[in-house]
Each structure stands twice: as C-alpha cells, then as structure tokens.
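Residues per chain, in single letters:
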Amino acid sequence: MASMRDIKRRKGSIQSTQQITKAMKLVSTVKLQRAKQRAEQSKAYFNCMYETVTSVLAKTGNLNHPYLNGGDSAKKAVIVITSNRGLAGGYNSNIVKLVTQQSGFKKEDLRIYAVGKKGKDALNRYGYEIVEEDSDIIEEPLYVDAMALSSRVLEAYTRGEVGEIYIAYTAFKNTVVHEPTLLKLLPVEPEKKEEKAQEKESKALMSFEPNDDEALELIIPKYVTSLIYGGLIEAVASENGARMQAMDSATSNAEEMIDHLSLMYNRARQGSITQELTEIIAGANAIS
Amino acid sequence: MAENDNRFTLKVITPDRVFYEEQVTMVEFNTIEGEVGIYKEHIPMTMIIAPGILTITQENETKEAALHAGFAEVLQDKVTILAEIIEWPVEIDLKRAEESKERAENRIKEHAPGTDMKRAELSLKRAVARINAINYQ
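Chains as they are written, first to last, in the numbering used here: chain Y, 1 to 288; chain S, 289 to 425.
Rather than coming from a laboratory, the hints here were simulated on the basis of the structure.
Please note that a few of the clues may not be correct.
[To be verified] Just so you have them, the derived chain Y footprint on chain S, three or more residues with Cβ under 8 Å:
#1 301 to 308
#2 362 to 372
#3 410 to 419
[Unchecked claim] Just a sample of chain S residues kept apart from chain Y, beta carbon distances all over 12 Å, derived:
#4 E321
#5 T350
#6 L382
#7 M405
[To be verified] The list that follows gives simulated cross-link-like pairs (lysine to aspartate or glutamate, EDC-like), each with its CA atoms no further than 16 Å apart:
#8 K43(Y) to D304(S)
#9 K413(S) to E393(S)
#10 K36(Y) to D304(S)
#11 K22(Y) to E255(Y)
#12 K222(Y) to D304(S)
#13 K31(Y) to D248(Y)
#14 K413(S) to E323(S)
#15 K328(S) to E352(S)
#16 K328(S) to D293(S)
#17 K76(Y) to E108(Y)
#18 K299(S) to E51(Y)
#19 K97(Y) to D121(Y)
#20 K222(Y) to E155(Y)
#21 K366(S) to E51(Y)
#22 K117(Y) to E133(Y)
This structure is a prediction, so every number in the text was calculated from the model and none was measured.
We put the beta carbon where it would ideally sit given N, CA and C, even for glycine.
Build out the structure end to end from the sequences listed, making use of the hints.
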C-alpha cells in the first residue's frame, strides 16, 4: 500500500490540475458565449447571401463561367480551420481525420491553406502540401481576414493552379454538438442549382445590373468570402464549445480521482493509527 | 393615398451585425453603374455597390452612411443591402480618412510600376466617401 505521504502528494497535484481545468472551463464558457453571439449576429448575412446567390444561379441557368464549371486542374485547395491551442478534446483531430481519411481525397492532389496551428502541424506531419498558414486570424476572425484569404484562394483558382476549393471546419450546431464539415466552395455545385431553381421559380423575375455575367463575377467572390468568414466564426464557437466540454469532463474526472484518493488516504491513516496502537499495546504487555 | 403606402422595408446587413432595419420612403446609393435612388415598387433587381454615400430618407428625416462594398437586392416592397463595409458618420475617423485620401492620390499620381492602380483608386473612393459622409451632416 502506498504511503500516506505519497497519497497526499498525489492528491495535491490532482487538486491543482483540477483548479486549472476548472478555470479553463470558465474561460471557454465566457468565450463560447461571445463567439455564439457573434455567430448568431452574422447568420442573417449568410442566409441572405446564400439566398441571393442561389437565386442568381437559378435565374442565369447555363452559364459558362469558370466559377461554375471548375478548373481543369486535378488539384484541390482545402482551407483547413483548426485552433492554435490544444486541450479541446477531439476538436482538432476530428478535422484532420476528416481531411486525411473521410474526404477520400488523394494526398498529392491537395493544397492546404491552414488556419490554425494544430491542423497545420498534423497535416504537415502526414506529408501534405501546406501552401500557406494564417494561424493568427483564428484568434479574432475579422471580415477583412476572410476577404484576404478568399482573394488568395480565388487567385489560385483563376490561375488554374487548383480546380476546386473546399473548406474544412467544425460546424456549430449547438453548445454540445459540433460537426466536422467539408464544404465545397467552388465550383458551385450544379445539382444544388437545379433544386433551387424550381424552388425559386416565382422569384425569377429578378434582373441584374450591370448584367448577369458581370454580377456573377462580382458576387461569387463575396459569396466565397462570406462562407469562409462564416466558417471561421463557427469554428471559433465550436472550438470553445469543445474545450468547455473537454475541461468539464477533466474536472469531473479529477473530482472522482480525488474522492478515490481521499478514501485511500483515510484508510492508510486509520491503518497507521491501528498499527501504532497495536505496537504500543504490545510494548506495554511486554513490560508488565 | 395613406401616408404609409409609400414606405418599404430597408434592411442593411453586415457580416457582423444587422446595421439598419426600418421602414423608409427612399434610399439612394452608388452602384458600379452610377448612383441610384429607389422608391417603393421598384422592379426586382440585384445591383453591385460602389463606394459612396447611402442616403436613407424617412418621412421627415434623412440619414447618411458611408457604404463601401457589397451588393443590394431590390424587391418591390423590400430592399436588402448586403454591405461588406458600412459606417455611420460618427464612426468615421476624419483625420484617418483624409490621410488615406492623400496617400491614395499620391500613389495614383506617381503611378510607380508595380502599383495596384485599381486598389489605389478604390481606396481613394472609399476615403472620399467617408469624408463626404461626414461633411453632409
């Protein structure tokens, strides 16, 4: 049986770990609240953007724009959004798994635009091609950051370096459910277009200024930017949600261990008292 | 005609917030095809916004804001502006706007090789829009 001192030391160390996880949980709870609020506030913009773009596409029908047809290149650009810090449960590894295993992409075809150090490091280790890293922007995602990133990706797309653009991020369903999601940004998916076309038939009177082609040319980059921004914001909310959950279970695990150790400690203490008593009684008996 | 009949809903949304949502009688802004003013019952249309001033007219007051980028969806009884960047005059730093105007003008004047003229022009337009929005008040 471990000595009393050992048990006491162990308990102390677990207690201080528990204090840290508790504090981290509180911090991420506050951050989550803020991130959630931001995500909700910006939702109106994305819904509107999505509706407008789909109605544009529904109206314009069979356009021959490169944004809709995809490039010739087999390469795929993937924007991978993870966090800079760990201790968020499976948050980062789920995204990495999504890209490396579930997506079905070939390693050689991918060009990674990493946002978040953890994802970049993991994908780098697996030998993926990291084109650039913008890990700073995940700390405080601003719309201008998303604009800059989307213009760089779109440039590669128009230059023909990549044929498709994806974004891998963790969708924030609610505080406890976060789903790793792989979304195709470009080319805009044709089947989605058709299905929306029927839905929006009544709205098809919409006209465009300057004209359909040019409007599309200008709207699509904004659409991509807004999806990237939405991805960033949801990812931040998910990250804090995931960390909150991870820290919550760490705290309760620590609690459990402390209970167990307290029991062992008390037992050991009682054992040593009993032993001492037995020794004293035995000693007294020997004298008399 | 009842007074309320010529009003429509104007909604200005930015990525971060709902900037403005109220009943208005007229809205004016700048598009890449020139300035437009929109009343109720306008034909449905989508327009791309160029840097300029957004003027909102209600029954007895007008409001201005500097609108820099985005696009507008016009329906008969509703106008939605998806603005990437928009500011109320009180939010604008006049000194900064003037500085950036000067910077952009210099860049255009010098026309040094490697200068992104389109970007310089755009930033000049933005600065001018900001300054105008303040001076309107």
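Results of checking the hints against the structure:
1. Counting residues of the region 301 to 308 of chain S whose beta-carbon sits less than 8 Å from any beta-carbon of chain Y gives 6, enough to reach three: the coverage restraint holds.
2. Counting residues of the region 362 to 372 of chain S whose CB lies closer than 8 Å to any CB of chain Y gives 3, which reaches the minimum of 3, so the coverage claim holds.
3. Requiring three or more residues with a Cβ within less than 8 Å of a Cβ of chain Y, the coverage given for the region 410 to 419 of chain S is violated, as only 0 such residues are present.
4. The claim that E321(S) lies off the interface is violated: its Cβ sits roughly 5 Å from the closest Cβ of chain Y, which falls inside the 12 Å cut-off.
5. Interface exclusion of T350(S) from chain Y stands, the closest Cβ pair being 24 Å apart, more than 12 Å.
6. Against the 12 Å criterion, L382(S) stays outside the reach of chain Y, whose nearest CB is about 21 Å from its own CB.
7. Taking the minimum C-beta to C-beta distance to chain Y, about 17 Å, the non-interface status of M405(S) holds against the 12 Å cut.
8. For a cut-off of 16 Å, the pair hint linking K43(Y) to D304(S) stands: about 9 Å separates their Cα positions.
9. Annotation: proposed proximity of K413(S) to E393(S) holds, straight-line Cα distance about 10 Å (limit 16 Å).
10. Between K36(Y) and D304(S) the CA atoms are separated by roughly 12 Å; this keeps the pair inside 16 Å, and the hint holds.
11. For a cut-off of 16 Å, the pair hint linking K22(Y) to E255(Y) stands: about 11 Å separates their Cα positions.
12. At roughly 15 Å between alpha-carbon atoms, K222(Y) and D304(S) fall within 16 Å of each other, so this suggested pair holds.
13. Of the supplied pair hints, the one linking K31(Y) and D248(Y) holds, its CA atoms being roughly 15 Å apart against a limit of 16 Å.
14. With a C-alpha separation of about 14 Å, the suggested pairing of K413(S) with E323(S) holds against the 16 Å cut-off.
15. A hinted pair counts as satisfied when its Cα atoms are at most 16 Å apart, and K328(S) with E352(S) does not qualify at roughly 19 Å.
16. In summary, the hint linking K328(S) to D293(S) is supported, as the alpha carbons are separated by about 9 Å, within the 16 Å threshold.
17. For the hint pairing K76(Y) with E108(Y), the CA-to-CA distance comes to about 9 Å; that is within 16 Å, so the pair holds.
18. Between K299(S) and E51(Y) the alpha-carbon distance is near 15 Å, which keeps this suggested pair within the 16 Å criterion.
19. About 13 Å separates the Cα atoms of K97(Y) and D121(Y), which keeps this hinted pair within 16 Å; it holds.
20. In summary, the hint linking K222(Y) to E155(Y) is supported, as the alpha carbons are separated by about 14 Å, within the 16 Å threshold.
21. Distance hint between K366(S) and E51(Y) is fulfilled; the C-alpha atoms sit about 15 Å from each other, no more than 16 Å.
22. As the CA atoms of K117(Y) and E133(Y) are separated by approximately 8 Å, the hinted pair is consistent with the 16 Å bound.
Checked against the numbered hints above, the structure breaks hints 3, 4 and 15 and satisfies the rest.
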